[in-house]
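Peer 1: Take a look at the letters that make up each chain.
Number of protein chains: 2
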Amino acid sequence: MTRSSGIRVAVSTAILTLRRGDDGDAGLALPLVRRTREPFADQWALPGGWLTETESPVDAAARTLAETTGLAPSYLEQLYAFGAVDRSPTRVVSIVYWALLRQDDVMAQSAAHLASGHAPENVQWFDIDALPALAFDHAKIIEYALWRLRNKVGYSRVAHGFLPAEFTLADLREAYEAILAKHLDPANFRRQVEATGNLLPTERFRTGNHRPARLYRYNTDVELADRGPLGSEETSIR
Amino acid sequence: MTRSSGIRVAVSTAILTLRRGDDGDAGLALPLVRRTREPFADQWALPGGWLTETESPVDAAARTLAETTGLAPSYLEQLYAFGAVDRSPTRVVSIVYWALLRQDDVMAQSAAHLASGHAPENVQWFDIDALPALAFDHAKIIEYALWRLRNKVGYSRVAHGFLPAEFTLADLREAYEAILAKHLDPANFRRQVEATGNLLPTERFRTGNHRPARLYRYNTDVELADRGPLGSEETSIR
Chain A
1 MTRSSGIRVA VSTAILTLRR GDDGDAGLAL PLVRRTREPF ADQWALPGGW LTETESPVDA
61 AARTLAETTG LAPSYLEQLY AFGAVDRSPT RVVSIVYWAL LRQDDVMAQS AAHLASGHAP
121 ENVQWFDIDA LPALAFDHAK IIEYALWRLR NKVGYSRVAH GFLPAEFTLA DLREAYEAIL
181 AKHLDPANFR RQVEATGNLL PTERFRTGNH RPARLYRYNT DVELADRGPL GSEETSIR
Chain B
239 MTRSSGIRVA VSTAILTLRR GDDGDAGLAL PLVRRTREPF ADQWALPGGW LTETESPVDA
299 AARTLAETTG LAPSYLEQLY AFGAVDRSPT RVVSIVYWAL LRQDDVMAQS AAHLASGHAP
359 ENVQWFDIDA LPALAFDHAK IIEYALWRLR NKVGYSRVAH GFLPAEFTLA DLREAYEAIL
419 AKHLDPANFR RQVEATGNLL PTERFRTGNH RPARLYRYNT DVELADRGPL GSEETSIR
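Residue numbers (the working numbering), protein chains in the order written: chain A, 1 to 238; chain B, 239 to 476.
What the hints contain is simulated information worked out from the structure, not anything from laboratory work.
Quantities reported herein were computed from a predicted structural model and do not represent experimental measurements.
Accuracy of the hints is not assured; some may be wrong.
Ranges between beta-carbon positions, derived for each pair [said to hold, decoys possible]:
1) A139/A x A279/B: 19 to 27 Å
2) N426/B x A170/A: 31 to 39 Å
3) Q430/B x E121/A: 48 to 56 Å
4) L131/A x R258/B: 49 to 57 Å
5) R20/A x T440/B: 47 to 55 Å
6) A41/A x T434/B: 49 to 57 Å
With the Cβ distance kept under 10 Å, some of the chain B side facing chain A (calculated, not the full set) [claimed, not checked]:
7) I245
8) P295
9) V296
10) A310
Every beta carbon over 10 Å from chain A, so not counted as near; a handful from chain B, in silico [said to hold, decoys possible]:
11) R246
12) T292
13) P424
14) R429
15) A433
16) P439
We put the beta carbon where it would ideally sit given N, CA and C, even for glycine.
Could you put together the complete structure from these sequences and hints?
Peer 2: So, in structure tokens, the structure goes:
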């Protein structure tokens, strides 16, 4: 039996945020890194790098994400290990992670990085409906990450990853609309989320140009359905 | 940057079946292979082996499963890539697959293997509530596979993997009860599965000691919710 000595292991991360476009609508966006060497030199790729012998895959994903983009999500989850023989000119298995990051955290982390004088180079955020040509099989990987996100939003609190601790039902619906890429009826949406028991009303309201909107928070007594027995060791970085 | 040259890639498969115990109740069982060499010599492990340079991980999982157990499931799905630094004495990332196999297929494949004179050695089926001590982190891997199966049965047709093409509602409920490890109320269960639209009644009945029970089949017009854009390339072997 040939051992896998010629196979290298890489990690990549698809990290998504929700940002408001020029048209006022919120949409999903993610950062890509322009490659500076072959293969696929000058093309865009997911942030990532090689797994080293002394770190776990999730630690490698967090490290390479920080090195290439300066971003530090609170939660990374393994998406899939991609290993098709022809996905790279040499044989590389990529363990891919995904994460959600609030837009205000993106802004704060980017500002801190700029102030430190170590701003990452060759990084750019793209709307997911306007992606450039991508290196390797990264277009397929992003498509799969979006599919998982869309599936997951139906049975978990995953949209919370885009929201602050307190939010209005309109904020939550906007996040769902961006994830699912479709309009949701406000009254039906309210009825459905209220029926889950996952949301708790607060006594606070957001005021502004419109009539005051009640702020809600997630009910953290309800167990998140999607971590399971792996716990913090394999899926979480802090 | 250190490249991952000292890291080897393995594959393992957790393949589950539903079998009737001496008490008449159906329960989950899976095959384990007794290791013949260090590390963990003489301990039990999931069927698996090394990923070679010329095959994809799912092909390697199918090959090593056939080599060690003689089993050929119709469907293998990636479970997770396990890569903790200390999970093996040397650095090994294991891409783990899982599959469901009907008990009559297990029997037929095992009989064919015996007849061929190439019966696998050191393989034994264990009830999942009576597992032996396991090598590496395989106890954790099996715990995670069961957790995924229990989650998945709630929102997909995964229990179909244990059933023949036509089955009674009692057969289906028995599969759910074994997966969830709890008793389900027959009337509630019938109401819930009929509400999904996933089941189609046939004009055939099973007769025997009890009153005739109608046979159902899955409605294959309803899209399976859990394959997504990876399609056949990464998740299926035939």
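Peer 1: A separate judgement is required for each hint: does it hold in the structure or not?
Peer 2: The hints, checked one at a time:
At roughly 45 Å, the beta carbons of A139/A and A279/B sit outside the given window of 19 to 27 Å. Between N426/B and A170/A the beta carbon distance is about 36 Å. The supplied range of 31 to 39 Å therefore holds. A hinted range of 48 to 56 Å holds for the C-beta pair Q430/B and E121/A, which are about 55 Å apart. A beta carbon spacing of about 52 Å between L131/A and R258/B agrees with the range 49 to 57 Å that was offered as a hint.
Between R20/A and T440/B the beta carbons are some 53 Å apart, a value that agrees with the proposed interval 47 to 55 Å. The beta-carbon spacing between A41/A and T434/B, approximately 50 Å, falls within the hinted interval of 49 to 57 Å. The closest approach between the C-beta of I245/B and any C-beta of chain A is roughly 5 Å, which is under the 10 Å cut-off, so the hint is satisfied. Interface restraint check for P295/B: the shortest CB-CB distance to chain A comes to about 4 Å, inside 10 Å, so the restraint holds.
At its closest, the beta carbon of V296/B sits 8 Å from a beta carbon of chain A; the interface hint therefore holds under the 10 Å criterion. Violation of the interface hint for A310/B is found here, the shortest Cβ-Cβ separation to chain A being roughly 19 Å, above the 10 Å cut-off. Remark: the non-interface label on R246/B conflicts with the geometry, its nearest Cβ contact in chain A lying 5 Å away (cut-off 10 Å). For T292/B, the shortest C-beta to C-beta distance to chain A comes to about 6 Å, within the 10 Å cut-off, and the non-interface label is violated.
Every CB of chain A is more than 10 Å from the CB of P424/B (nearest about 25 Å), matching its label as outside the interface. Chain A leaves R429/B outside its interface by the beta-carbon criterion, the shortest separation being 19 Å against a cut-off of 10 Å. Remark: the non-interface label on A433/B is consistent with the geometry, its nearest Cβ contact in chain A lying 16 Å away (cut-off 10 Å). Remark: the non-interface label on P439/B is consistent with the geometry, its nearest Cβ contact in chain A lying 28 Å away (cut-off 10 Å).
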